[in-house]
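Add chain Y to chain G, keeping to what the hints say.
Just so you know, the protein sequences line up as chains G and Y, in that order. Note that my numbering has the first sequence beginning at 504, numbered continuously upward. Note that my numbering has the second sequence beginning at 504, numbered continuously upward.
The hints are simulated quantities; they were obtained by calculation from the structure and are not laboratory data. Errors might be hidden in some of the hints.
A pair holds if it fits inside one copy or across any two, identical chains being indistinguishable in the list.
What the hints assert, rightly or not - Derived pair list, reagent style DSSO-like, types lysine-lysine, alpha-carbon separation capped at 27 angstroms:
#1 K1132 to K1067
#2 K1067 to K1105
#3 K1067 to K1206
#4 K829 to K1159
2 protein chains.
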Amino acid sequence: MKSAAAIMSGLSLSTSTPCSASRPHSCLRLFSLSLPIYRSINTPPIHLNPNFIVRNSSSSGSSITAKPSSEMRKNRSNGLEQDQKLTALRQLFRKPEINIDAYIIPSQDAHQSEFIAECYMRRAYISGFTGSAGTAVVTSNQAALWTDGRYFLQAEKQLSSSWILMRAGNWGVPNTTEWLNDVLVPGGRIGIDPFLFSSDAVNELKEAVAKNNHELVYLYDVNLVDEVGKEARPKPPNKPIRVHDLKYAGVEVSTKLSNLRAELTDHGSSAIVISMLDEIAWLLNLRGNDVPHSPVMYAYLIVEIDSAKLFVDISKVTHEVMDYLKKAGIELRSYETILSEIESLAARGAHLWLDTSSVNAAISSTYATACDKYLERLSSKSKGNNLYGAPTALYKSSPISLAKAIKNHAELEGMLNSHLRDAAALAEFWSWLEEEINKDACLTEVEVADKLLEFRASQAGFVDTSFDTISGSGANGAIIHYKAEPDSCSVVDKQKLFLLDSGAQYLDGTTDITRTVHFGEPSERQKECFTRVLQGHIALDQAVFPENTPGFVLDAFARASLWKVGLDYRHGTGHGVGAALNVHEGPQSISFRFGNMTPLHKGMIISNEPGYYEDHSFGIRIENLLFVKEVNTPNRFGGNTYIGFEKLTFVPIQTKLIDLTLLSAAEIDWLNDYHSQVWEKVSSLVDGSARDWLWNNTRPVAKP
Amino acid sequence: MKSAAAIMSGLSLSTSTPCSASRPHSCLRLFSLSLPIYRSINTPPIHLNPNFIVRNSSSSGSSITAKPSSEMRKNRSNGLEQDQKLTALRQLFRKPEINIDAYIIPSQDAHQSEFIAECYMRRAYISGFTGSAGTAVVTSNQAALWTDGRYFLQAEKQLSSSWILMRAGNWGVPNTTEWLNDVLVPGGRIGIDPFLFSSDAVNELKEAVAKNNHELVYLYDVNLVDEVGKEARPKPPNKPIRVHDLKYAGVEVSTKLSNLRAELTDHGSSAIVISMLDEIAWLLNLRGNDVPHSPVMYAYLIVEIDSAKLFVDISKVTHEVMDYLKKAGIELRSYETILSEIESLAARGAHLWLDTSSVNAAISSTYATACDKYLERLSSKSKGNNLYGAPTALYKSSPISLAKAIKNHAELEGMLNSHLRDAAALAEFWSWLEEEINKDACLTEVEVADKLLEFRASQAGFVDTSFDTISGSGANGAIIHYKAEPDSCSVVDKQKLFLLDSGAQYLDGTTDITRTVHFGEPSERQKECFTRVLQGHIALDQAVFPENTPGFVLDAFARASLWKVGLDYRHGTGHGVGAALNVHEGPQSISFRFGNMTPLHKGMIISNEPGYYEDHSFGIRIENLLFVKEVNTPNRFGGNTYIGFEKLTFVPIQTKLIDLTLLSAAEIDWLNDYHSQVWEKVSSLVDGSARDWLWNNTRPVAKP
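Next up, chain G with everything else stripped away, as it sits in the complex (with noise of 0.2 angstroms):
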C-alpha cells in the first residue's frame, strides 16, 4: 500500500490540463504490454519464459516509487562514461583470479524473474541500454549488444559509439555464441555469473562455445559488472515481507508443505531448491515488495522432507513474519549461503529435485560438483561398493508451477473480488475520460494512464500496478510493444481508436484488462475489424473442450473470424495469470505456438485476449481474463469431463465499435449477456456519472 502511494506522488492529475502536441511530462513511465507476445525463434539465447517477453521495469528500480525521467536519462548521452565502465570491466578481465578473454551479462536475475529490481539490470548499466529484452558481450577490444527488433531503435539511441548492436532475428546477424566463436582466439575464457543463468540456458552455451574449444568460465564469487559500479550501484531491495492472508491464500502453507513432501516421496527426492520468486511467495503464502508489478521478494528455498530453509535478506523479515515462519517450521538462512546449503545437501545426501530450466547454474553446477566429491571420497573409502546413500539429482520440472496454477476457492474467490473493484475503477475512469474529452481536453497518452492509476488507487486493498500500462491512441495501438514516453507521445481524442491494457495487484488478486473505444466516429473498416476481434473473444469465452486439452488447441477459435477476411493477429491469445502474484505465469497458454502441450485444468486463470493491429493506423485488442470450470454438460463421451471458462472480467465492450450486422443471434445473446451481468454485479460499486456511464455502456443491443 506504501508503494502506490509513492507512486502517486507527483503523479496526480486530478484535471485535466490545456492541449500541446506533445510535452515533457514530469515523470518517467516506461510502457510495455501485458499480452502473450512470443520471442521470435531468430533472437538469440536471451533465455526468457517464452510465454511473454519480460517487461522493462528499468523506471521504478528496486522500489516502485517513480523517478524523474531526467534522471533515468542522464545515462542515455553519456558515452564517455560507457566507455570508463567499460575499460574498468576490462581491467577485470586481466586479473590473475578471473582471467578471461570476454564476458557474457544478460539480462535475468538470479531467479529468471520477468520484473526486476534495479540492482540487478546489470546489462542496462554497462551499455546504457535499458530496453527489457538483451544481452551484452565485451570482449578485450569489443562489446556488443544483442536485442530484437522491438528495440533496434531505442538500442541506436541510448548506446554509445564504443558498441556494436546486433540486431537478432535479420538476416546474417549471428547470435552471441556464433560471434564469439567468431572473434575470439579459439581456446579463450569466457565468463559467466552462473547466478544468472538457467541450468538449462548455460548447457546450450557451453555445447555452442564448445565448436570453437571455448571454455565457459563460472565466475562465482563476483558479478564484474557490480564490481566496476562498486557503491554507485543501487542497493538490492529490502522492503518487508508480509504474510498472505489464509482468507485470500485458502490453504495453509503447512497443507502445502506436507502436499510437497508428498511428491518428492513419491518421485524418490527428498530435497528441493525452489528458486522461482513467485512459487516461494505461493507456497509459503508471504507477499515481498522487491520488484515492481509482482508482490514477490528475492529468496531461495529449499524443502526438505522433516525441514524447510528460507534464503532471504533476513533485515527484510519482521517479527510477524519471523513469528509465522516459526510455527510452519521453515529455519530462516542468509539469501548469500544458499550455495554452501546445497553443498551440504549433497555431503548429506540428499536426493536433490532441480527443475534446470529455472534453477540457476551456480545452483545445479556446485551440487553436480558436490556430488562427484561426495562419490570420490566413497569410492577412495570402500571402493565404491557401498553407494547407499549417495546423493543424487532428480532433473524434473517444478511440481509447483502446476499446483499454483490450479486455483483454490479462496484464491478464485479474491480475484473475483478483486475484479469487481477493479471493475469499479475502470467504470469511474471511463466515464472520467469520456467527459474530459467531451469537453476537448487535451489528455496524453501517459496522463491517461496515470489517472486510471489513480481510480485504481483508491479502491480497497490496492497495492500496485501488475505491469506497466500500454496506452496507445491511434497508430500507437497498432505497435503491440508501444512504450508511450512522456515527452513523445500522442493525445487521446475523439478522432482515433484507442487501445488500453493495463491492470493491478490488490492484496486478494491480481487483474489484467484491455478494451479498446472510440470516442468519435469509428470508420467501418475499424469497426469490421473490432467486430472480428470481439467474435474471436466470444468463440474463446464459450467454448466448451474435454478436461485435457492444451491451450493451443483453442488458439484458432479465436482467430476464425479474423481468417475468414484474411486478417490475423502476431500474438498469442492468451496466458495465465497469478492469485494476486504474477500477472503473467506458467504453465498454460492459448496460443498458435504448438510447443505448450500444457493441459487446461479446472481452476486455472487465462487471458482471453485476440486483437488486430493496423500498421500505421489503428490497434485493436478485447481483453478479459477466465477461469476454467467444469460445465455440466448433458453428456460425457468417454466418461471426460467437460471445461469451459467463466468470466473474471466484468468491464464494458464498446458497442459504438461494433458491426452488428456481422454478429450472429447467438453473438448478441452474448453480448447482452454479458453486459446484463456487468450492470449486475458492479453497479453498486460506483455512483454519480460512472454509474450513468455504466448503465448506458450495458443496454443491450439487437440486430439491426
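Positioned in the frame of chain G, the structure of chain Y alone reads:
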C-alpha cells in the same frame, strides 16, 4: 476394368430377396474403414503408417477376385495345420545357415503398403489370424501373436492353442521385444526378413533387443514362412501394368523426373531409391493391379541424375509400357535384383537419398554395408587421403510424398469428374435402397454394399473399390472398425440409423464418402447428434486460414459443436487422398493428435469426416472430400495467402436427420447452397427415379 468385372461375378444382387435374420452369403467381404483412425499409443510396434490403420484385404488376395468365404474359413479351425506350419518353421531355425532362436513375422510387405497382395500375408498364413494388424513371434517352444482391441475376438477364434494371444494395449501385456527379452536366454539370435521392416523400425527393434544382449539376424535370402508354405503359397500378382493417361496425370514423367533430379541436386544427392508403391506409380504415371483397392504395382525405383531403373516383375510390363518407359529413359530390371543395384550404387560413389521411414532395412543395410566396404578398400589403398567420390547416404523424407499430395489441374479435374460419376452412382443407389426399404425388402449390410458396388461399376472408368465398404446398420454403425460378415451381419431397415462409408477407384480419380441415413423416424437424440456432427462438418468445410497452417489446428473446428454438449469422436477428422491412387495418403492430415506438423497447401485433397458413435446404439459420420484452394480474402495480413476448401463430393445429406432449430442462419445457408450445387452438378447424370430422389433430397430447408 477386368478386376472390376471379377468382383461383380457372383456378387450381383439385381433384386432384393426375402428377409431372414442372418444368413450365409456366397462371398466373403472383409470390411474395414476409410476414416483416419490412429493407432493407440500402447499398441506394439507394428510399424504402420501412423495416419491410418492397415485395412484387411485378405479376402481378395493378389487380385481382387472374390472367393467363397467357406474356402477362406477353412484355415481357421484347422489347428493341426497351424501346428504343422509351426513345426516346419522351427525346423528351419536349426539349419546351420539360419541358426536362430526366434523369428518375427510382421503384417507388412516390403513397401509399407496399406493393402497387400495375398502372397505377402505371411503373418496370416503362419498364425491363421487374418486381421489387418498384428505381429507374430515364434521361438523354439512358444508362438505369440500381438494384435489390438479391434481384433481380440477374431484372434481368439482364429488362433490355435499353440498360440498365445497378446492383447496389445491391455495393462501388463509386454510388447514383442519385451516378451522376447523375457523368454529368450540372453545372447539369443532373433531372425527377421529385413525386407518387411522399415529401416527406422529395425533400428528401434535392434536397440530394444540389445538390452538383453540379443542379436537381430537379417535373413536376406529366404523368408522362412514362404519356405514353410513352399508351393502351396499364393504366387505373386502378375496382372499387367498400364500407363496412366496424361490427361489424368497432368504432368509428363519427364517433367516429374527432372523436378526430382533438381531436388536431388539441391540436396547434394546423386540418387534416390523409392519403395512406396504409390510414389512409384505417381512419378512414372503408371498404374498397376497387384493389390486390392490401390492401383499400384510391386516395384522399386532408383532415380539417378542421368538414369532411372524400375525393378519390377517383367512379365507385368506390356509392350506399350515397355515403349513408354524406354521413351522416358527408364531401364527395366528384375524386381529381385534391387539389392545388387544398391551395392552397385555404393561402388559407384552415389550420394543416396533414403527415406528411412519407408525404405526397408534390407535396402538401407545393404547400402550401409556396401559404403563401409568401399571405405575400407579405399583406406587400404590410399590410407584414406582421397575420399572424393566416397558413397554417402542422405536420410530424409521422400520428396515425392509432398509433390504427390499437391494435385495439379488435371488431377483435380479428374477427381472432380470421377466424383460426379460417383455421385450419380450414389444417387441411383440411395434411390434404389429407399425404394426397396419402403417395399419392406430385407437387405443385409453386405447385400446393400454389394449393390452399391454394382451401381458404381456401371459408371465409366470404374476400376475397383478404394477400400472395403463399411456398411453399418444400427449398433454396428457405432463400431468404428465394423466389418460386416455375410453370415452374421444385420439388416438395413426403417428402425435403425444406417452408416455407409465407401469409395471407388476410377481411371481419373479416387472417391471416399460417408453418409448416414434413417429410413424411418429418427429419434430426437439421433437428430441432435447428427446435427452436431453436421455443424462440425460445416465449420471445417467453411474454414479459412493462413497457408502453412498444419491440419491439426483445424481439428477442433469439427468437434466444437459436439464438445458443447459433452460429445466427441475417437478418430481423426481428415486424411489425404490420392488422385486415382491410394485412398489414404500423407503427408497431411487433420487430427486431434498433434504430431503431424505438415502444413496444408493449395491443391491438397483431404477428407472432412467428423462423426459420433453411441455404443450399442448407432453411429453417425458425414464425410466429403475437399481440396485446398486459395481464398480471395479482402485482406492478406502479413502478406500471407489465405486458404480454404472446395468440395469434391456432391451427394445429398439427409435433412430428415437435422434438427433445424440447432442450426444458425449461416449453417442453413451452407446446407441449401450445397444441395443446390448437388442438383446442379449431378442431376444431368441420372434419370428416372434416381433423378426424382435427387430432386427431393436437394430441396432447400428453412429455420422453423
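For each hint, the structure was consulted:
1. For the homomeric pair K1132 and K1067, the shortest alpha-carbon distance between copies (14 angstroms) is at most 27 angstroms, but the shortest distance inside one copy (30 angstroms) is not.
2. For the identical chains of this complex, K1067 and K1105 are inter-copy neighbours only, at 16 angstroms across copies versus 31 angstroms inside a copy, given an alpha-carbon limit of 27 angstroms.
3. Within a single copy, K1067 and K1206 get their C-alpha atoms as close as 21 angstroms, and across copies as close as 24 angstroms, so both meet the 27 angstroms cut-off.
4. Taking CA atoms no more than 27 angstroms apart as the test, K829 paired with K1159 passes in neither setting, with 57 angstroms inside one copy and 72 angstroms between copies.
Going through the hint list in order, the structure does not satisfy hint 4, though it satisfies all others.
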